[in-house]
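Respectively, the protein sequence lines represent chains Y and G.
According to the numbering used here, the first sequence is numbered sequentially starting from 1.
According to the numbering used here, the second sequence is numbered sequentially starting from 373.
Please keep in mind that the hints were generated in silico from the structure rather than gathered at the bench.
Don't be surprised by glycine CBs; every beta carbon is placed ideally from N, CA and C.
It cannot be assumed that every hint is accurate.
Derived DEER-like restraints, expressed as beta-carbon distance ranges [said to hold, decoys possible]:
id : chain 1 : residue 1 : chain 2 : residue 2 : range
1  : Y       : N46       : G       : E527      : 41 to 49 Å
2  : G       : K557      : Y       : S9        : 38 to 46 Å
3  : Y       : P84       : G       : S666      : 45 to 53 Å
4  : Y       : I42       : G       : E482      : 34 to 42 Å
5  : G       : K594      : Y       : R221      : 18 to 26 Å
6  : G       : G457      : Y       : A220      : 34 to 42 Å
7  : G       : E640      : Y       : G292      : 55 to 63 Å
8  : Y       : R354      : G       : G480      : 47 to 55 Å
9  : Y       : G108      : G       : A658      : 52 to 60 Å
10 : Y       : G269      : G       : E640      : 47 to 55 Å
11 : Y       : R221      : G       : K506      : 27 to 35 Å
12 : G       : E640      : Y       : N22       : 33 to 41 Å
13 : G       : A647      : Y       : N46       : 37 to 45 Å
14 : G       : E501      : Y       : G108      : 34 to 42 Å
Each chain, letter by letter, is given below.
Protein chains: 2
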Amino acid sequence: MSNMLDSISDVLLMGPGPSMVNDAVYKAMGTRLVGHMDFEFIELMNAVKEQLRTLCNTANEVTMPMSGTGSAGMETCCVNLIEPGDQVLILHNGVFSGRMMDVASRLGAEVDVLEFAWGTPVLPGKVKEKLTAKSYSIVGVIHAETSTGVCNPVEEIGELVKKNGALYLVDSVTGLGGIEVALDKWGVDAFYSGTQKCLSCPPGLSPVSFSEKALEKLRARKKKVPNWYLDMTLITQYWQGQNRVYHHTAPISMNYALYQALALILEEGPTAVFARHRAMHEMLVAGLEKMGFSMFVEKSCRLPMLNLVVCPDGVDEAALRKNLRVKHKIELGGGLGPLAGKVLRIGVMGETAREKYVQRLLDALKEETGRG
Amino acid sequence: MSNMLDSISDVLLMGPGPSMVNDAVYKAMGTRLVGHMDFEFIELMNAVKEQLRTLCNTANEVTMPMSGTGSAGMETCCVNLIEPGDQVLILHNGVFSGRMMDVASRLGAEVDVLEFAWGTPVLPGKVKEKLTAKSYSIVGVIHAETSTGVCNPVEEIGELVKKNGALYLVDSVTGLGGIEVALDKWGVDAFYSGTQKCLSCPPGLSPVSFSEKALEKLRARKKKVPNWYLDMTLITQYWQGQNRVYHHTAPISMNYALYQALALILEEGPTAVFARHRAMHEMLVAGLEKMGFSMFVEKSCRLPMLNLVVCPDGVDEAALRKNLRVKHKIELGGGLGPLAGKVLRIGVMGETAREKYVQRLLDALKEETGRG
Chain Y
1 MSNMLDSISD VLLMGPGPSM VNDAVYKAMG TRLVGHMDFE FIELMNAVKE
51 QLRTLCNTAN EVTMPMSGTG SAGMETCCVN LIEPGDQVLI LHNGVFSGRM
101 MDVASRLGAE VDVLEFAWGT PVLPGKVKEK LTAKSYSIVG VIHAETSTGV
151 CNPVEEIGEL VKKNGALYLV DSVTGLGGIE VALDKWGVDA FYSGTQKCLS
201 CPPGLSPVSF SEKALEKLRA RKKKVPNWYL DMTLITQYWQ GQNRVYHHTA
251 PISMNYALYQ ALALILEEGP TAVFARHRAM HEMLVAGLEK MGFSMFVEKS
301 CRLPMLNLVV CPDGVDEAAL RKNLRVKHKI ELGGGLGPLA GKVLRIGVMG
351 ETAREKYVQR LLDALKEETG RG
Chain G
373 MSNMLDSISD VLLMGPGPSM VNDAVYKAMG TRLVGHMDFE FIELMNAVKE
423 QLRTLCNTAN EVTMPMSGTG SAGMETCCVN LIEPGDQVLI LHNGVFSGRM
473 MDVASRLGAE VDVLEFAWGT PVLPGKVKEK LTAKSYSIVG VIHAETSTGV
523 CNPVEEIGEL VKKNGALYLV DSVTGLGGIE VALDKWGVDA FYSGTQKCLS
573 CPPGLSPVSF SEKALEKLRA RKKKVPNWYL DMTLITQYWQ GQNRVYHHTA
623 PISMNYALYQ ALALILEEGP TAVFARHRAM HEMLVAGLEK MGFSMFVEKS
673 CRLPMLNLVV CPDGVDEAAL RKNLRVKHKI ELGGGLGPLA GKVLRIGVMG
723 ETAREKYVQR LLDALKEETG RG
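Just chain Y, same shape as in the assembly (with noise of 0.2 Å):
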């Protein structure tokens, strides 16, 4: 029987995530299955735990991978912590805090929001005022904006959330990996990520992080949690201390996945992935501006692992990224929401944080453009 796996291409992966995956992740994803309540797994659990808490810089004994990709940790952070009629301030600037307001409505959440131009930072002085005016349960913030290649200072954001008292709720489905992340100097109390971007593993799973803080306020809710599946009081039964509870049969290659991925990060030092991801960004937008492309994000709070690129008068970006995809086989991203067809986003994630490949697009980028 023909098999469409057969088929499938290699394809250099330079969007938004998925990002390319080390051969030693995907040989860590297609170990042996044992039981997910069996010995060696938990052992497996409680080594990932210990990864993420490293490489997360938090004490946190709540700290685990849910079993869904990136956005099911923004549903796990919400609807674990957000009783209706909870006062949520989310600080808005691009899709992915969108998508927060989305789902703290939907959980009853009276929202306000703080908007700020796509392609600029959130700006500590508004979210002074704002806080200073008003208590809030919860205050929301994307660190890295994937949809406009924006880092947001949530550290300085993070003082003024504790000064509030509310909960402190961060996403870095795509810094976790690339820049640092320092939940307890920040004072982060929910956190969460995904697998597919710099982490370089497949998407499966979404590392989230709870305080104490936190804890407290799942432990005084007036009703159970609102979604089973993703209720971090029998979760933590499954994920933690000596006997362990049966909850919900977790994806255990992609958790094989996810510890290899992290062994790799931690074996090369998370201070210097990140200047890999530094290196190679500057690499990228050095060999783009000379071809006449520029950067949509000003230099002093632009990602360096995802890049929002304007093209040249005369390139067209839609049939530009067609081109890379079918000649090239390497994949761009497009814009999202109103950067629809006015960008490209270039990830250099992970893996894809190398010389050779960065170097393979901006010799494809020549070709296709004639330029530089």
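Let chain Y serve as the given structure and place chain G on it in line with the hints.
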């Protein structure tokens, strides 16, 4: 650096899932990633939908894997189709119908329960009485109860539910791939399964299917689905139609694996696969009874793929399971809930339903118990 994955044991998985995985499925899972919006991945998504429709005997357009494990499928059906105040009837005879009661209650349903003793099937006569007396929004039942080994008469119940006018919700996490599933013939409106049982694919996805009647209920909701991640109105825009809309990043590798696992079943032929499950079940039961083990469930409603077994006097089930795992590297399951400590749960699911594996278990049991 030491790598925990190198010391993961090669375990014969004969518990209630995960089951053994064919090498072709492990290989498929390691196929290089393409993007979640890539045309090659969209073709694969279409193929998986078609495979699932074939195995589920349904023409439902909305038939696709959700990006979570089996319990995410339960959550999906409930959160999309239940609105606060809805009258829901759960036919309860095991852990998983109990879970369904919990999930539905959390979503604000008024839950009626019709109980049957664990280890016995739902009795259509009793269901008829209940459905004649009251009109329901949804009636939920478990096809193959993983906690008891009972097969419930889902086809007969379906006729009664149809007369009542309720939506018919069927869980076949353990049934699909091991016994016939015929959604259209049975009048099922909402269905979910899991990958790690008789589909013999690693855990991580939950196939679901919605009938047109279920979609009408979804479209008529007064409020948005209170779960963004599992909102079928959004997910169908990603899984269907000419122009796919990004929702979340699907677990690409898991979908590769599911495609391959389904291809193997369809190549062997569902009828042959079901017969193999039946034959391996009979071989297991004959061997067990020869050693003095007895079956917990009456023959007439016994599942072939999940066997609840009572140990002979003098054989301690916990010690036996431990010895099998440690000395023989064979995983069996223990009892859940009120059956904890009272039974073994032995799975012959998918790839595990092979003579070599059943024989290896019987030989190990003989050695451990000195019987047979």
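So, going through the hints one by one against the coordinates:
1. Y:N46 <-> G:E527: 41 to 49 Å: 45 Å Cβ-Cβ, so the 41 to 49 Å window holds.
2. G:K557 <-> Y:S9: 38 to 46 Å: Cβ of G:K557 to Cβ of Y:S9: about 40 Å, so the range 38 to 46 Å holds.
3. Y:P84 <-> G:S666: 45 to 53 Å: With a Cβ separation near 51 Å, Y:P84 and G:S666 satisfy 45 to 53 Å, so the hint holds.
4. Y:I42 <-> G:E482: 34 to 42 Å: 39 Å, holds
5. G:K594 <-> Y:R221: 18 to 26 Å: Holds, since G:K594 and Y:R221 (Cβ atoms, about 24 Å apart) stay within the stated range.
6. G:G457 <-> Y:A220: 34 to 42 Å: 26 Å, violated
7. G:E640 <-> Y:G292: 55 to 63 Å: 57 Å, holds
8. Y:R354 <-> G:G480: 47 to 55 Å: 50 Å, holds
9. Y:G108 <-> G:A658: 52 to 60 Å: The hinted range 52 to 60 Å holds for Y:G108 and G:A658, with Cβ atoms some 56 Å apart.
10. Y:G269 <-> G:E640: 47 to 55 Å: Holds - the Cβ-Cβ distance for Y:G269 and G:E640, about 49 Å, lies within 47 to 55 Å.
11. Y:R221 <-> G:K506: 27 to 35 Å: With Cβ atoms ~32 Å apart, the hint holds.
12. G:E640 <-> Y:N22: 33 to 41 Å: 34 Å, holds
13. G:A647 <-> Y:N46: 37 to 45 Å: Given about 42 Å between the Cβ atoms, the range holds.
14. G:E501 <-> Y:G108: 34 to 42 Å: 37 Å, holds
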